[in-house]
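Enquirer: Here the structure of chain A is known, so what remains is to put chain B in place on it, guided by the hints.
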Amino acid sequence: MTSSLGNFSLWLSLLFSISQFFFSRKKNQLNFIAISVNGLLITSLLSFLLLMYAHVISDFSLVNVFQNSHTTKPLIYKISGVWGNHEGSMLLWILVLTMFNYFIYKLYNKENSIFIFKTLETQSFITIGFILFTILTSNPFKKMLSIEENGLGFNPILQDPALAIHPPLLYLGYVGFSAAFSMSVATLSLSKNETIFWYNYMKPFVMAAWTFLSIGIALGSLWAYYELGWGGWWFWDPVENASFMPWLLGTALLHSLIVVEKKKSLQAWVLLLAILAFLLSVVGTFLVRSGILTSVHTFALDPSRGMYILIFTAILGIYSLVLFGSKSKKYFDNNYFSFFSKEGAILINNIFMVIVCATVFLGTIYPLLVESITSNKISVGEPYYNSTVIPIIMPAILIMGIGPILSWGKENKLEIIKKILPTTFVTLLMTILIFSFYELYSVIGVFGIFLAFWIISNNLFILYKKKINHQIGMIVAHLGVGLLILGITGSSIWQIEKITKMKINNEIKINNYNILFNQIKEIKGPNYLALEGNFLVYNNNKNLIATLKPQNRFYPITGNYTSEVSIDTNFLRDLYIVLGKGNKDIGWTVRAYYNPLVIWIWIGSFVIFLGGIISINRNLKNLPK
Amino acid sequence: MNKYLLKFPIFLFIIVLLVFFYLLIIERNPSEIPSALLNKKIKNFESESLLKGEKFFSSNYIGKEIILVNFFASWCKPCRDEHIFIKKFADKNLKVIGINYKDNPEKAIKWLKKLGNPYSDIAIDNKGKIAINWGVYGIPETFIIDSKGVVKYRHVGPVTKKIYRKMNLLLKEIK
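Chains A and B supply the protein sequences, listed in that same order. Sequential numbering of the first sequence, starting at 1, is according to my numbering. Sequential numbering of the second sequence, starting at 1001, is according to my numbering.
Hints listed in this document are in silico derivations from the structure and should not be mistaken for laboratory results. Each hint can be trusted.
With a Cα cut of at most 20 angstroms, we get these calculated PhoX-like pairs of lysine-lysine: (1) K1040/B x K377/A; (2) K327/A x K1007/B; (3) K1088/B x K1162/B; (4) K262/A x K410/A; (5) K584/A x K521/A; (6) K584/A x K549/A; (7) K1087/B x K1113/B; (8) K1107/B x K1052/B; (9) K1152/B x K377/A; (10) K1127/B x K1055/B; (11) K329/A x K1007/B; (12) K1007/B x K330/A; (13) K1166/B x K1152/B; (14) K1175/B x K1041/B; (15) K1077/B x K1087/B.
Short, incomplete list of chain B residues facing chain A, as computed with Cβ under 8 angstroms: (16) L1006; (17) I1010; (18) V1019; (19) F1021; (20) Y1022.
For each residue, glycine too, the CB sits at the ideal point set by N, CA and C.
Chain A on its own, in the form it takes in the complex:
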């Protein structure tokens, strides 16, 4: 029943997307377009809800439910299990795509009809591609041939609240860039005498995509931090990079869009960035779902899926880039920027972002490149990224600190120095203060902390002066970046790691804390059994300040072991304990971390998200009527 209904609505979606494609190519077919857009939205919502229903009632007549669910799974993870697997996540992808499609359609008015129709045409082409992909290679409504009492269960490390909302947010980001892509293609396809304020339409979509991508990446990182138990929050995993690259280009895109809006410069550059940001999102999807590389994210290997996405990417990429190569001339200008101006700062920042993106891209595909030429296996890891990305991103952040203070056009250099004098002073003071507290020096660390306070103090300064002409959302988001850098720097340079075998009543010392392992007991969870250690944390004055209870879980249904980290957090540091394998006689392997300032990574990310939301709101109000 669910299977046939689901298939039916999937095919209906395909039909609506095809009809949208055809009618948006014709003139004056607004009614048919309206039917297609709404029909597409309703049918893809229906397919998504049907699959969710099947997961909630544990309908094991569907292969998808059988392979990814189990009756004992808590309800929230039955729901999030819908997008926790490849097929279901494609339905979510399509749903988000059709939602953005609907928003684009809503922008229609008499003046912009050519532009909106062209955008809807490209958007429907992308939608057709993804719906066909789902039907042909990844149908979530495939029926089981046998009748099963229960499912195979869901990977326990994915049963987590942060991870439940991580994919939807990421998809809002990736798919949001599809709107920018379609608008860029539409702008490039306009004939010579047609002009449109395309950048005003593009901006809220880019803003939304960037905002959700930011918080999506942050949640994934948060999950990796407390669920994987490796003590860190970013591992330069190819799939992390796949989300980081569109984010970098999105950041560049967002800022140069402001320059286009104010100065009408950089138009061709922005059109190219919009194309590349979405192409990188699709390439990311390809990397994750083709099985071309291995990582924690890779779904079941299936070469036919990879081939399909690759061909689809090729069509999108070749079409849009050839269009750019042949039609972008009219968007070039010969405006020269002064270095000391807002647009100058944004342009330089843009260049840095693109270079970082290119560096990450090279690191991600270099092993694949080498393998295809020499068939040797190499791996590119943290040392490469740390030694390339950090030095490039540092000057960008330095500029970011003064960008918001600078005015458009030419700026008096003396004025700038006057403006930044107080904040430079505050920054230096805070840097010295922080280093006298943590007492461990490294060049990168000094720079990192300096830059963090540089951003924070400059933005607080602007807020204090209450300059209304400054966008409040931007200030908040920049403030978030400052806090983020503080957390990243602190946890990177002052982290302490201790790995030892511990028996009951053993003690370890980490930083200024003594940690006593006082007992271990067995506990029973809803769908797992666990061994829980009890660790008492004492400070220098021998006062008990926290009890940490890391667990070693066994999920009988899937046969997985996982370790649940236990963390004691405050604004200055995290104490992080992982219980490893062992027994009473030989003791247990225990890993303990002292991670300073980690919480500021999450606070910073949330503040960035908040700033983004405020900006989206402002930009929607500024849309041309």
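Expert: Same frame as chain A, but now just chain B:
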């Protein structure tokens, strides 16, 4: 603006596409780990024979002719999947030596009775020591060893149709 500069993105994009395309069509396993033993002589070892009730001497087989060495266990589902291909090798008069990894001998014998026995001889590796010496990553794993006792090929994971063809080509080359 330079005409060629505008074509640069598309040029770069096509190169990346070609690399991806090539990697998709060639037979490759992203989790494959290159063997340190490749093109090196394998050390001889002793163990118990699973079926013959006597000692197993690897020197009886290694270095005499081209052989296939297959690590398997009755508890391993992919081993069952690849069994049909291992039998095909044996049918082609290739000597196949099995190494029964961390298994219950009774269950292993039962398993072979049910699915057929392609192995000329089987060494018992109940502690996984042989596997460690061979650098086995996870079973099933299959090695081709030439008549000089040199490891010519190693495959991690089940032998599939494609791998089977690839191994046959390699076997012809060695001969």
